[in-house]
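Trainee: So the sequences go chain by chain: A and B.
Here the first sequence is numbered in the numbering used here, starting from 1 and rising by one per residue.
Here the second sequence is numbered in the numbering used here, starting from 1 and rising by one per residue.
Since the hints were derived computationally from the structure, they do not count as laboratory data.
Do not take every clue at face value.
Claimed, not checked - Straight-line alpha carbon distances no greater than 20 Å define the calculated EDC-like cross-link-like pairs of lysine to aspartate or glutamate that follow:
#: 1; chain 1: A; residue 1: 204; chain 2: B; residue 2: 65
#: 2; chain 1: A; residue 1: 113; chain 2: B; residue 2: 34
#: 3; chain 1: B; residue 1: 289; chain 2: A; residue 2: 195
#: 4; chain 1: A; residue 1: 42; chain 2: B; residue 2: 335
#: 5; chain 1: B; residue 1: 230; chain 2: A; residue 2: 66
#: 6; chain 1: A; residue 1: 173; chain 2: B; residue 2: 77
#: 7; chain 1: A; residue 1: 173; chain 2: B; residue 2: 30
#: 8; chain 1: B; residue 1: 266; chain 2: A; residue 2: 190
#: 9; chain 1: B; residue 1: 230; chain 2: A; residue 2: 32
#: 10; chain 1: A; residue 1: 169; chain 2: B; residue 2: 335
#: 11; chain 1: A; residue 1: 173; chain 2: B; residue 2: 34
#: 12; chain 1: B; residue 1: 289; chain 2: A; residue 2: 190
Since this is a predicted model, take the numbers as computed values, not measurements.
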Amino acid sequence: MKDIENRLKQEAKRLLESGEAEVVLAYGRGYDEKHPMPYAAKAVSDVDNIVFDEYCTFNMTRYLTEYPLGTKIAIAVKSCDSRTLIVLMQEEKVKREDIVILGIPYRDMIDSKTGKAIDNSTACNLPNPVLYDILLGDEVTERDDGSPYDVLKELEEMELDVRWEFWSKEFSKCIRCYACRKACPMCYCDPCFIDQSQPRWADKSPSLESNLMFHLTRFYHLAGRCIDCGECSRACPVDIPLHLFHKKVSKECEEMFDQVSGMSLDDKQVMVDFKMEDSDEILL
Amino acid sequence: MLKKIGLEKLNEFVSALIEKGTLFAPVKGDAGVDFQEIKNAGDVTLDFYNTLQSPKCVFFPQTDDMVRYRLKKETTDIEEISLDFEPRIAFGIRPCDVKSFEIMDKLFTRGGIVDPYWESRRKNTTIMGYAFDAVDPADFYGAFGIHAADTTGSDVFMVKGEKNLLLKAITEKGEKLLSSVDTLEDALEEDRKYFEERLKKGAELETRTLSLEGVAGKLRDMFGSPYWEKVAAPCLNCGVCTFVCPTCHCFDIQDETLFGEGTRRKIWDSCMFTDFTLEASGHNPRTQKSQRLRQRVNHKFSYYVTNFEVTSCVGCGRCTRSCPVNIDILTVVEEAVESV
Ligand code: SF4
Ligand code: SF4
Ligand code: SF4
Ligand code: SF4
Ligand code: SF4
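Sequences are here, hints too, so could you generate the full structure?
Mentor: Below you can see the structure in the form of structure tokens.
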């Protein structure tokens, strides 16, 4: 892990020095060891502040859309994060040639809030980045973790009314802080539909109805785009397992359209693509 | 007056409190413990460090209904919602949070305009403070002269021992409450000793700290500093830090209508949201996240001090603990002051 940190610093320094990157999006120190922070190094002198450890869970691609198109950016990405890059490139939010991708071969990061390892029940947890220019270490070997959708089994086996009860209880907890949306790299709309006042799409006060309006709309907006980084769930202060819903939608997308989001730059996203052989199930 | 009750009899005591008024107490949920209105005595827990969200909901709930209305063709029927609240009891409030009520009073009742929603609940609430027995690394209430077993502001102050919960009446209101509950026993000499010891130990527990001297002025002077952009870079502009904060008090007023019937309500708002400052013309004077983070920090550590002579923060550490990207307000203020 220290090796990855050192490589990250080396590359950051080189890229900033040569002008290949105007900014390096990585991780920095927080108020204690277990709480690092997202960090943007803009000068060579910033490089010393970069860290990498198992608590650096942040999906840094979330910050990309804050920079004007054309900014030369180097970015540290773990496996799911690299899949986000692919989606953002498909959506032309960033251009491949503007980004230097520093791939981090590392899995089983630790969620500082729970102290537990992040596995494929809460994120994609692939061993290696899918797309990178420079890999900051040796590739992590494959391991049989089962499918990232195994965690859905329990939900899928529930009777409809029990499942409805489960989600009603979860969504009733929502305090509408919007951390889930704000942490999500795919939620870059400005303004977001939920912030609009003319018309107001849902009441501002939290209630099961208005919370559902927010979440269901957001889930649809993420269909075929979400890459299962789990940031939304980790950001949620009241621990709503949003990733389960996203995983379910992703699974359906995969089954219907035979495509996993954010795996190849050559793919066209399922919701903006039409093929004669597409499943009709979505219409029923 | 010092009373006690065996921990195994907590339920009985809580049931007795429910008889005395609307009870708000800590309840264990999925993500942590939070204050809730108690219907079942068994829901209450005393085993927590501090609640996820602050107890401000006792006086200032996230949604507070003001007027109900029915829109008719020519006229509108309206019904004001009564502010005759039953007596309330806020149970298990940590010393730093007790202090937050006093800070909020200044805004809601002494700023020249009285907010009846806050005031009417506040004045008929009995506060039962509850001593900390440990320190979380995010806390810094020591910076505000508050300590882990500070009785200031509580009507009753509680200390949990191994077998008993000890309760001391601090004010007349507290005395009245304790003497009216017959499930309580009188404390013995050894209990008294233990209680005093815990207060002493509480005063010795150390949190992180910060010197507040000159902070308000320095923050005001560095309004245009590039520091804000740097420090706000990781911020997501979500509402977590302000929603969980005991001293954040911003709210919006919305008419929420369905099929001609609706309610005008106060709803928490947050200076971290993009639309917080959006004007009717479409102009938004605060479009940058650095401006929003600066607002949060400066409002608490500078503007509030100018207006009310007190910092609008009690160092409860909630914003730091809940921030998805680990922004720590103490560090932000410290580094700001160092940067000038
Ligand atoms: S919805 Fe959640 S899991 Fe999916 S991309 Fe957004 S933050 Fe990641
Ligand atoms: S982060 Fe959690 S509480 Fe906040 S809006 Fe999202 S689901 Fe609701
Ligand atoms: S400081 Fe943290 S909790 Fe507050 S708005 Fe920024 S990211 Fe959200
Ligand atoms: S600003 Fe943070 S530490 Fe201060 S009172 Fe609010 S939540 Fe607590
Ligand atoms: S910090 Fe922001 S949300 Fe909190 S009281 Fe001040 S302006 Fe309102």
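Trainee: Run through the hints listed earlier and report the numbers of any the structure violates, in increasing order.
Mentor: 6, 8, 10
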